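In terms of this note's numbering, the numbers along the sequence shown are unbroken and rise by one, the last being 292.
Warning: the hint list may mix true and false statements.
Claimed, not checked - Pairwise CB distance ranges, derived in the manner of DEER restraints:
| hint | residue 1 | residue 2 | range |
| --- | --- | --- | --- |
| 1 | S81 | D220 | 45 to 51 Å |
| 2 | I19 | E65 | 18 to 24 Å |
| 3 | K201 | R40 | 36 to 42 Å |
| 4 | D179 | R238 | 30 to 36 Å |
| 5 | L96 | R40 | 20 to 26 Å |
| 6 | I68 | Q28 | 27 to 33 Å |
| 7 | I19 | K156 | 40 to 46 Å |
| 8 | K281 | A100 | 24 to 30 Å |
| 9 | S81 | R31 | 20 to 26 Å |
| 10 | T259 | R31 | 40 to 46 Å |
Said to hold, decoys possible - Okay, derived cross-link-like pairs now, EDC-like style, lysine to aspartate or glutamate, Cα gap no bigger than 16 Å in a straight line:
| hint | residue 1 | residue 2 |
| --- | --- | --- |
| 11 | K237 | E133 |
| 12 | K285 | E80 |
| 13 | K237 | E269 |
| 14 | K105 | E36 |
| 15 | K281 | E60 |
| 16 | K156 | E104 |
| 17 | K27 | E104 |
| 18 | K156 | E176 |
| 19 | K281 | D58 |
| 20 | K237 | D58 |
| 21 | K281 | E104 |
| 22 | K285 | E104 |
| 23 | K156 | D179 |
Derived by calculation from the structure, the hints in this document are not laboratory data. Fair warning: this is a prediction, and the values are worked out from it, not measured in the lab. In this text, a Cβ means the ideal position worked out from N, Cα and C, and glycines have one as well.
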Amino acid sequence: MNASIEDLAQAAKQGDRLALGELVGRIQDRIYGLALKMLGHPQDAEDEAQEILIKIITALSGFRGESSFQTWMYRIASNHLLTSRASRAEKIGFPLEQAENQGRVLESDAPWAPSVDPETRLLVEEVRLRCLQAMLLCLNRKDRLAFVLGEVFEVTGREGAEIFDVTPAAFRKRLSRARDRVAGFMKNCELVRPSAPCRCAGVALDGMAAGWLKPGGLLFADKRRAASETRSMESLLDQWDQMKTMAEVFRSYPEYSAPDSFVSLVKDYMKRVESGIK
Numbered sequence: 015m016n017a018s019i020e021d022l023a024q025a026a027k028q029g030d031r032l033a034l035g036e037l038v039g040r041i042q043d044r045i046y047g048l049a050l051k052m053l054g055h056p057q058d059a060e061d062e063a064q065e066i067l068i069k070i071i072t073a074l075s076g077f078r079g080e081s082s083f084q085t086w087m088y089r090i091a092s093n094h095l096l097t098s099r100a101s102r103a104e105k106i107g108f109p110l111e112q113a114e115n116q117g118r119v120l121e122s123d124a125p126w127a128p129s130v131d132p133e134t135r136l137l138v139e140e141v142r143l144r145c146l147q148a149m150l151l152c153l154n155r156k157d158r159l160a161f162v163l164g165e166v167f168e169v170t171g172r173e174g175a176e177i178f179d180v181t182p183a184a185f186r187k188r189l190s191r192a193r194d195r196v197a198g199f200m201k202n203c204e205l206v207r208p209s210a211p212c213r214c215a216g217v218a219l220d221g222m223a224a225g226w227l228k229p230g231g232l233l234f235a236d237k238r239r240a241a242s243e244t245r246s247m248e249s250l251l252d253q254w255d256q257m258k259t260m261a262e263v264f265r266s267y268p269e270y271s272a273p274d275s276f277v278s279l280v281k282d283y284m285k286r287v288e289s290g291i292k
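Sequences and hints are given; from them, build the entire structure.
Below, the structure is given as structure tokens:
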């Protein structure tokens with residue numbers, strides 16, 4: 015089916031089961047990705063994304079089309095994520111002020127090289143992804159959400175204002191504040207400043223030596239990519255080596271496919287809805 019997401023939403027609202035299935039298939043990876051960036055742990059993201067999709071399905075009859083379906087969808091997801099329980103990553107905590115002033119910025123005499131074996135390349139990617147997540151977790155939830163929506167998903171000021179239920183100026187102000195705080199953290203990051211002291215390969219080597227970074231304990235780098243994610247891990251790493259701006263770094267974050275267990279549970283719920291059982 016090549017219908018637009020707006021057409022699918024309207025058809026699903028009218029009871030078209032095939033359209034509903036197609037609609038959920040189109041948005042599930044995006045919802046999971048938003049939850050992952052907000053919560054910082056795959057399992058927490060899976061749990062909350064399931065609840066968000068169920069809310070979207072059950073609220074679809076009330077979608078009036080006054081805004082785009084995407085804006086409406088993000089508003090439901092945002093309201094849920096702003097009030098959900100603290101994730102395991104959030105409970106650990108990583109204050110931005112501590113990060114900005116930390117003395118543990120790691121320098122490496124062995125810069126990243128494409129010739130490194132595949133397993134080590136995977137660990138370097140894991141470090142980069144964990145670090146990006148840690149930067150996001152430095153922000154309070156509202157600022158984090160504004161940053162993810164505005165900087166990563168590139169919603170407009172008007173869309174962001176509708177999602178947050180504020181004026182466009184208020185949304186832009188929150189987004190600007192979040193950008194400034196993350197930029198402060200990234201001043202030591204090689205991805206935006208090649209001469210910076212904090213290097214992903216050095217952190218990976220340190221992590222392997224200390225035992226907290228292992229091939230069997232990956233949170234992000236070994237997860238299945240979404241169908242829309244066409245970059246290989248190697249091309250992603252090469253792309254990261256060419257980054258110049260904070261925006262480019264965060265927009266390079268891979269798009270992940272929603273886990274099979276997540277998809278199965280949502281499909282199961284849809285079948286119950288079709289049968290009149292909730």
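Taking the CB of D179 and the CB of R238, does the distance hold inside 30 to 36 Å?
holds (35 Å)
Assess, step by step, whether the Cα of K281 is no farther than 16 Å from the Cα of E60, and give holds or violated.
Within the cut-off at roughly 14 Å; holds.
Could you grab the alpha-carbon distance between K105 and E36 and see if it respects the 16 Å cut-off?
violated (36 Å)
Are K281 and D58 close enough, with their CA atoms no more than 16 Å apart?
violated (19 Å)
Taking 20 to 26 Å as the hint, is the beta-carbon distance of L96 and R40 inside that range?
holds (24 Å)
In this structure, is the beta-carbon distance linking I19 and E65 contained in 18 to 24 Å?
holds (21 Å)
In this structure, is the beta-carbon distance linking T259 and R31 contained in 40 to 46 Å?
For R31 against T259, whose Cβ atoms are near 44 Å apart, the range 40 to 46 Å holds.
Quick one: are I68 and Q28 within 27 to 33 Å, going by C-beta?
This hint is violated: roughly 20 Å between Cβ atoms.
Given pair status - D179, K156, alpha carbons within 16 Å
Holds: K156 and D179 sit about 12 Å apart, inside 16 Å.
Does the alpha-carbon distance linking K156 and E104 stay inside the 16 Å limit?
holds (14 Å)
Does E269 lie within 16 Å of K237 when you go C-alpha to C-alpha?
Holds. K237 to E269 sits at ~10 Å (cutoff 16 Å).
Quick check on a hinted range of 45 to 51 Å for S81 and D220, using CB atoms only.
At 47 Å between Cβs, range holds.
In summary, the numbered hints that this structure violates are 6, 7, 12, 14, 17, 19, 21 and 22.
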